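Trainee: As a plain string of letters, each chain reads:
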Amino acid sequence: MDTPQTSAEDSAGRAEVVLGIGTDEWVARHNERLIVDSGPLARLKDTASKIPNLVRWLLVLLIAVAVPLGTSNPYIMRVGVNLGLFILLSYGLNIVVGYAGLLDLGYAAFYGFGAYAYALVSSDQLGHHWKTYISVPIIVVATALLGFLVSLPSRRLMGDYLAIVTLFFGQVFVQVVLSSDSITFPWATDSIDITGGSNGIPALDPFVLFGHKFLNAKDYYWLLLAIIVILTLTITRINRTRIGRAWRTIREDSLAAQAMGISINRLKFMAFIVGAALAGLAGTILSAVQGAVFVNGFDLPLLTLVYAAIILGGSGSLPGAVMGAIVMSLLPEFLRVPSYSEILFFVVLILVIGAMRRSIKSFAITLLGIFVTGIIVRGIFLSLSVKSLPRDEWATGVIGRFLSHWLFVPNNRLLWGNASFVLLIALIAYLTQASPTIKRILLPVAAFLGIFLWEVRLIQQPSTTRQLIIGTMLIVLMVTKPQGFLGKARVEVL
Amino acid sequence: MTKKPRLVASIASAALALAALGTTVAIAPAYAASCSGAISVMAPITGPVAFIGTEQLNFAQLAVADYNAKTGATYTIHQDDTQLDASQASTVAPSIVANKSIIGVVGPAGSQEVLAIGGLFSANSLALVSPSATRTSLTAGTYTSFFRPIPNDGLQGPGDATYMAKTLKAKEVFIIEEKTAYGSGLSKEVAATLKKLKVKVTKIPVNEKNADYASVVARVSKSTNFVFVTFQDAAKSEQVAQELKKERKKAVVFGSDGSDQPTFKTAGSYISAFAPDVTSLSVAASVIAAYKAKYGKYTTFGPPSYVAAQVILEAAGRACAAGKGTDRTAVLDEIRKTDIAKTILGSRLKFTANGDVLGGRFYIFRIAADGSHQLVG
Amino acid sequence: MDNGVQSVDYFGQQMVNGITLGGVYALIALGYTLVYGVLQILNFAHGDVYMIGAFIGFFVMVGLGGPSHAVVPVAVMIFIMFAVSMLGSGLLGIVIEKFAYRPLRNSPRIAPLISALGVSLLLQNGALLLFSGSIRSYDTSSFVPITAGIHLGGVTIDGMRILVLVLALILMFGLSRWVNGTQVGRAMRAIAFDRDAAIMMGINVDRVIMWTFFVGSALAGAAGVMVGLVFLRVYSYMGFLAGLKGFTAAVVGGIGSIPGAMLGGVLLGIAESMTSAYLSPNFSDAITFLLLIAVMLIKPRGLLGRRAIVKV
Numbered sequence: 000m001d002t003p004q005t006s007a008e009d010s011a012g013r014a015e016v017v018l019g020i021g022t023d024e025w026v027a028r029h030n031e032r033l034i035v036d037s038g039p040l041a042r043l044k045d046t047a048s049k050i051p052n053l054v055r056w057l058l059v060l061l062i063a064v065a066v067p068l069g070t071s072n073p074y075i076m077r078v079g080v081n082l083g084l085f086i087l088l089s090y091g092l093n094i095v096v097g098y099a100g101l102l103d104l105g106y107a108a109f110y111g112f113g114a115y116a117y118a119l120v121s122s123d124q125l126g127h128h129w130k131t132y133i134s135v136p137i138i139v140v141a142t143a144l145l146g147f148l149v150s151l152p153s154r155r156l157m158g159d160y161l162a163i164v165t166l167f168f169g170q171v172f173v174q175v176v177l178s179s180d181s182i183t184f185p186w187a188t189d190s191i192d193i194t195g196g197s198n199g200i201p202a203l204d205p206f207v208l209f210g211h212k213f214l215n216a217k218d219y220y221w222l223l224l225a226i227i228v229i230l231t232l233t234i235t236r237i238n239r240t241r242i243g244r245a246w247r248t249i250r251e252d253s254l255a256a257q258a259m260g261i262s263i264n265r266l267k268f269m270a271f272i273v274g275a276a277l278a279g280l281a282g283t284i285l286s287a288v289q290g291a292v293f294v295n296g297f298d299l300p301l302l303t304l305v306y307a308a309i310i311l312g313g314s315g316s317l318p319g320a321v322m323g324a325i326v327m328s329l330l331p332e333f334l335r336v337p338s339y340s341e342i343l344f345f346v347v348l349i350l351v352i353g354a355m356r357r358s359i360k361s362f363a364i365t366l367l368g369i370f371v372t373g374i375i376v377r378g379i380f381l382s383l384s385v386k387s388l389p390r391d392e393w394a395t396g397v398i399g400r401f402l403s404h405w406l407f408v409p410n411n412r413l414l415w416g417n418a419s420f421v422l423l424i425a426l427i428a429y430l431t432q433a434s435p436t437i438k439r440i441l442l443p444v445a446a447f448l449g450i451f452l453w454e455v456r457l458i459q460q461p462s463t464t465r466q467l468i469i470g471t472m473l474i475v476l477m478v479t480k481p482q483g484f485l486g487k488a489r490v491e492v493l
Numbered sequence: 000m001t002k003k004p005r006l007v008a009s010i011a012s013a014a015l016a017l018a019a020l021g022t023t024v025a026i027a028p029a030y031a032a033s034c035s036g037a038i039s040v041m042a043p044i045t046g047p048v049a050f051i052g053t054e055q056l057n058f059a060q061l062a063v064a065d066y067n068a069k070t071g072a073t074y075t076i077h078q079d080d081t082q083l084d085a086s087q088a089s090t091v092a093p094s095i096v097a098n099k100s101i102i103g104v105v106g107p108a109g110s111q112e113v114l115a116i117g118g119l120f121s122a123n124s125l126a127l128v129s130p131s132a133t134r135t136s137l138t139a140g141t142y143t144s145f146f147r148p149i150p151n152d153g154l155q156g157p158g159d160a161t162y163m164a165k166t167l168k169a170k171e172v173f174i175i176e177e178k179t180a181y182g183s184g185l186s187k188e189v190a191a192t193l194k195k196l197k198v199k200v201t202k203i204p205v206n207e208k209n210a211d212y213a214s215v216v217a218r219v220s221k222s223t224n225f226v227f228v229t230f231q232d233a234a235k236s237e238q239v240a241q242e243l244k245k246e247r248k249k250a251v252v253f254g255s256d257g258s259d260q261p262t263f264k265t266a267g268s269y270i271s272a273f274a275p276d277v278t279s280l281s282v283a284a285s286v287i288a289a290y291k292a293k294y295g296k297y298t299t300f301g302p303p304s305y306v307a308a309q310v311i312l313e314a315a316g317r318a319c320a321a322g323k324g325t326d327r328t329a330v331l332d333e334i335r336k337t338d339i340a341k342t343i344l345g346s347r348l349k350f351t352a353n354g355d356v357l358g359g360r361f362y363i364f365r366i367a368a369d370g371s372h373q374l375v376g
Numbered sequence: 000m001d002n003g004v005q006s007v008d009y010f011g012q013q014m015v016n017g018i019t020l021g022g023v024y025a026l027i028a029l030g031y032t033l034v035y036g037v038l039q040i041l042n043f044a045h046g047d048v049y050m051i052g053a054f055i056g057f058f059v060m061v062g063l064g065g066p067s068h069a070v071v072p073v074a075v076m077i078f079i080m081f082a083v084s085m086l087g088s089g090l091l092g093i094v095i096e097k098f099a100y101r102p103l104r105n106s107p108r109i110a111p112l113i114s115a116l117g118v119s120l121l122l123q124n125g126a127l128l129l130f131s132g133s134i135r136s137y138d139t140s141s142f143v144p145i146t147a148g149i150h151l152g153g154v155t156i157d158g159m160r161i162l163v164l165v166l167a168l169i170l171m172f173g174l175s176r177w178v179n180g181t182q183v184g185r186a187m188r189a190i191a192f193d194r195d196a197a198i199m200m201g202i203n204v205d206r207v208i209m210w211t212f213f214v215g216s217a218l219a220g221a222a223g224v225m226v227g228l229v230f231l232r233v234y235s236y237m238g239f240l241a242g243l244k245g246f247t248a249a250v251v252g253g254i255g256s257i258p259g260a261m262l263g264g265v266l267l268g269i270a271e272s273m274t275s276a277y278l279s280p281n282f283s284d285a286i287t288f289l290l291l292i293a294v295m296l297i298k299p300r301g302l303l304g305r306r307a308i309v310k311v
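Chains as they are written, first to last, in numbering that gives the first Met the number 0: chain A, 0 to 493; chain B, 0 to 376; chain C, 0 to 311.
Keep in mind the hints are simulated off the structure, nothing from the lab. Note that the coordinates shown come from a computational prediction; the quantities given were computed from them, not determined experimentally. Do not take every clue at face value.
[What the hints assert, rightly or not] The calculated label-pair distances, taken between Cβ atoms and stated as ranges, are: (1) Thr471(A) to Leu357(B): 46 to 54 Å; (2) Ser279(C) to Thr471(A): 36 to 44 Å; (3) Thr141(B) to Ile229(A): 32 to 40 Å; (4) Val351(A) to Leu374(B): 34 to 42 Å; (5) Tyr339(A) to Leu374(B): 47 to 55 Å; (6) Gly370(B) to Ile297(C): 47 to 55 Å; (7) Phe333(A) to Lys293(B): 26 to 34 Å.
[Unchecked claim] Derived pair list, reagent style DSBU-like, types lysine-lysine, alpha-carbon separation capped at 35 Å: (8) Lys386(A) to Lys293(B); (9) Lys97(C) to Lys248(B); (10) Lys187(B) to Lys199(B); (11) Lys386(A) to Lys69(B); (12) Lys248(B) to Lys194(B); (13) Lys99(B) to Lys212(A); (14) Lys199(B) to Lys170(B).
Just so you know, even glycine gets a beta-carbon here, dropped at the ideal spot from N, CA and C.
Construct the complete structure from the given sequences, taking the supplied hints into account.
Mentor: The following block contains the structure:
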């Protein structure tokens with residue numbers, strides 16, 4: 000633990016703070032101030048934080064090894080591969096953004112470049128079928144080279160302006176790939192199809208390594224796991240070397256870094272190159288496991304997910320990158336199943352009410368309030384003789400069946416669902432302004448509206464609901480923990 | 000045919016025989032009630048082209064509700080959102096294959112998605128009945144479990160081109176090729192046929208996300224007879240038609256089936272469609288009325304989705320009646336034997352050996368001044 | 000090319016198309032620039048506010064009887080559409096600021112970027128839930144006759160585009176008067192210059208930032224209605240690319256600068272129109288972005304951006 004940054008990574012450190020030379024007391028004692036919670040939850044958190052880092056890594060590794068041994072379900076293995084790719088991308092972006100502090104919004108293009116490069120040399124598209132151990136290293140080097148070219152402007156640009164140039168680069172990549180299905184060269188008469196445009200390139204060769212042909216997602220899963228283990232060890236080591244320290248110095252204050260004699264341009268290039276190479280490698284694996292490549296996957300939505308992963312985890316933290324990748328790639332899959340998302344919804348609802356009503360008594364009163372609101376609304380609906388929907392038609396999930404004795408679901412789900420949606424948003428907006436008394440009165444109403452909306456409208460639209468939940472989660476997590484799960488509040492210099 | 004399905008089939012038939020002994024009078028078609036399963040809808044339910052997917056989903060839901068109401072069966076819909084992205088389709092595909100309750104798939108919506116996952120589904124004998132993947136090559140025999148209740152681009156492209164060149168005596172055609180799997184494939188077919196018929200062709204590729212068509216329309220020459228558009232959203236075709244009028248050009252818009260929506264209504268324009276006007280068909284009347292009451296407006300992507308779901312449901316019903324249960328292979332076999340006398344698209348539906356509509360054809364309409372569609376070819 | 004691609008008329012027509020498109024981009028860019036100038040955050044949800052604005056305008060139009068059976072004169076109807084849409088979008092902007100940005104005012108720069116992404120997902124899918132995925136069309140042909148407009152030689156400027164351009168100019172002029180002439184505007188500039196000093200001068204930062212978001216979002220709402228009027232189509236995902244374009248325009252002009260946003264918007268519109276006129280409509284986005292990279296490399300702060308003072 001030679002620098003404040005590394006000690007910030009193993010989130011323990013509640014023990015006696017020994018002030019080293021040049022360490023500011025306010026900074027060093029920061030961890031103590033972070034803990035404001037008390038009670039059983041905080042104690043649990045505290046115990047968990049005492050587990051050494053190595054043990055945690057091993058625990059994660061154990062689960063990662065156990066899953067493929069326990070199941071051969073192709074879907075689970077495919078989701079596992081996607082998670083592995085996500086971790087690779089997060090590692091790469093973490094070096095560029097988290098360590099070197101360069102805001103690269105064209106990162107997805109490197110991923111796409113690797114994927115398309117592999118597709119072009121492993122399919123009938125251009126008639127090339129290179130061996131895996133030749134094509135993959137060449138592509139990784141080529142992507143690194145591309146990273147170098149893109150990083151050239153970063154010598155002159157800073158912060159948001161670098162972000163903008165790289166964003167444009169990413170957009171250019173997507174456009175060029177999309178349009179390169181009918182390129183007419185001046186010397187040729189017919190146009191040729193390079194990238195397949197919006198149709199992509201199908202029928203790619205799988206990996207063949209050490210005489211073993213990769214047949215299913217499980218093979219790629221093992222490969223990815225091996226790569227990630229090696230990378231984790233390597234990056235942890237690099238992070239403790241001069242380069243790692245220099246990267247962080249650039250991130251914190253590039254002007255000071257320069258004054259200290261650190262060659263910032265060289266280090267920026269290096270961060271870009273390493274990040275791009277990792278993305279290129281991930282791209283080749285994606286192509287091979289998918290057996291086809293399409294441009295849609297390399298646009299801004301993917302980029303934002305990877306960014307969300309490293310920021311949720313805590314920018315600059317390797318375990319954070321893994322954690323963020325797990326959340327951002329597994330949660331959307333988890334939410335595909337409506338009954339899971341229903342359970343998640345009610346758990347979160349209870350937790351939110353619990354967080355807002357700390358004492359058992361007021362918590363119970365709130366629950367009672369929700370119940371009474373439901374009865375009243377039911378009465379209003381009945382007195383207005385609104386047609387109701389038969390129980391069997393809407394109460395599909397476990398919770399739905401439980402609620403079906405209490406909740407009134409009107410026949411016109413579209414109308415009432417949309418009305419409750421708008422009302423709920425307005426109510427939440429109002430509640431943030433309202434006085435505590437009004438809040439106490441209206442909280443059960445808002446919670447009831449949420450339940451009503453869920454059962455009337457959202458449960459019918461799992462795909463849209465899934466996106467809504469991801470959106471809400473991003474905002475809530477950012478607002479409550481802007482540093483990410485494993486990041487620490489840092490004093491911003493600029 | 001492997002051994003396992005036969006074992007399942009024999010157990011199922013034994014169970015069914017016992018059930019038949021137990022019941023004295025069969026009131027409704029009782030076989031259907033004992034069968035159940037889920038139909039997956041692989042469509043862009045969210046994302047940039049959600050307008051296609053939500054409609055396909057709604058129509059499929061309506062088909063299931065209708066069938067359940069009619070037979071007392073309990074089939075359900077399983078939503079599988081792909082955002083028309085082949086990568087997402089290939090992620091979700093293994094989960095559909097692994098989900099044993101799924102007996103067939105309505106979708107995937109895009110031809111590129113079929114390319115990505117068709118092999119997996121064929122290997123697992125799980126039927127794909129796509130309401131909108133029209134690329135000609137998909138029914139070349141590679142995908143043994145792929146079907147579509149609508150005719151393909153190989154019929155529409157050359158058909159439209161021949162009509163423009165021969166019947167409407169076009170000398171010069173301007174093609175706006177939208178860079179989507181649908182638009183690129185179709186405009187290629189149209190351009191090839193037009194060139195063969197000695198018509199002057201200008202093909203301009205346009206990005207799908209383009210909003211302003213004024214600068215594209217400005218490229219249309221004064222002597223152009225037709226602007227052939229391959230949009231999936233008819234409002235774009237309307238935009239092009241209006242822009243042509245504003246710039247005082249004589250060219251007329253000729254839209255593919257993607258333009259067969261009420262928002263495209265400039266009088267004198269042409270559209271081709273895979274079905275006679277659904278709104279005016281008596282077979283479709285009750286379905287359309289039910290749809291409008293429950294979901295509101297619809298375009299051209301919905302009704303084939305109803306037929307696709309119907310194909311799977313009826314096949315499952317027959318497989319059940321034959322005592323094979325809703326086993327995937329049995330359902331797939333029954334889908335091959337599909338013969339619906341009149342679908343809501345207004346024609347008989349039988350599949351060719353490779354999964355295309357037998358005797359499918361396109362209809363060409365001219366839009367009249369009052370916005371109605373007149374059948375001209 | 001015998002269809003007059005080399006003619007002056009063709010060039011003029013494409014210029015007109017580019018300027019109208021640019022007017023819309025400029026209005027979106029103004030919102031980005033205002034927020035960035037004051038808070039130094041990239042409000043990526045801005046494009047989705049624009050989408051909501053377009054929907055509000057659409058539903059106001061339908062509520063007033065639709066274009067063909069309007070219960071009020073067309074001019075009044077358009078005025079109401081703009082007014083309601085701007086008000087609604089502005090309020091939405093305030094709510095977004097309150098929930099997604101205010102708690103993050105002192106966090107790392109990248110945190111608001113992610114919460115903006117969350118807002119964007121919420122708005123897009125909320126709109127999908129409420130309005131369904133189907134594409135709405137403004138159907139302006141029965142509003143203002145298609146053929147109405149100015150014909151100068153071979154160049155046609157249709158009535159709707161003239162209307163939109165005039166409105167865009169009025170809004171931009173009003174905005175610069177507001178920023179330079181009113182007390183809130185001055186307070187805004189003070190915060191942009193030095194937030195801490197502004198607080199010490201007794202400026203209510205929260206209130207001023209609220210106003211900034213209100214005005215920026217209202218402009219996006221106006222842009223949404225304009226796009227509906229000229230380009231007809233309104234759908235839940237339309238904000239994404241438009242937001243990107245508006246952002247680009249703001250950057251090229253020099254982010255934080257109001258005249259820069261207008262200049263950037265118009266330049267972007269013309270660049271797009273010209274590339275699709277003389278090169279390929281398909282590559283127009285790619286070429287536009289390459290041009291922008293070139294601009295950024297030559298003038299890293301944008302065309303009218305101030306030189307940054309790096310505080311140490």
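Trainee: Work down the list of hints and note, for each, if the structure agrees.
Mentor: Now the hints, each set against the structure:
no. : hint                               : verdict
1   : Thr471(A) to Leu357(B): 46 to 54 Å : 49 Å, holds
2   : Ser279(C) to Thr471(A): 36 to 44 Å : 41 Å, holds
3   : Thr141(B) to Ile229(A): 32 to 40 Å : 39 Å, holds
4   : Val351(A) to Leu374(B): 34 to 42 Å : 58 Å, violated
5   : Tyr339(A) to Leu374(B): 47 to 55 Å : 49 Å, holds
6   : Gly370(B) to Ile297(C): 47 to 55 Å : 52 Å, holds
7   : Phe333(A) to Lys293(B): 26 to 34 Å : 30 Å, holds
8   : Lys386(A) to Lys293(B)             : 14 Å, holds
9   : Lys97(C) to Lys248(B)              : 51 Å, violated
10  : Lys187(B) to Lys199(B)             : 14 Å, holds
11  : Lys386(A) to Lys69(B)              : 23 Å, holds
12  : Lys248(B) to Lys194(B)             : 23 Å, holds
13  : Lys99(B) to Lys212(A)              : 28 Å, holds
14  : Lys199(B) to Lys170(B)             : 6 Å, holds
This entry does not satisfy hints 4 and 9, going by the numbered hints stated previously.
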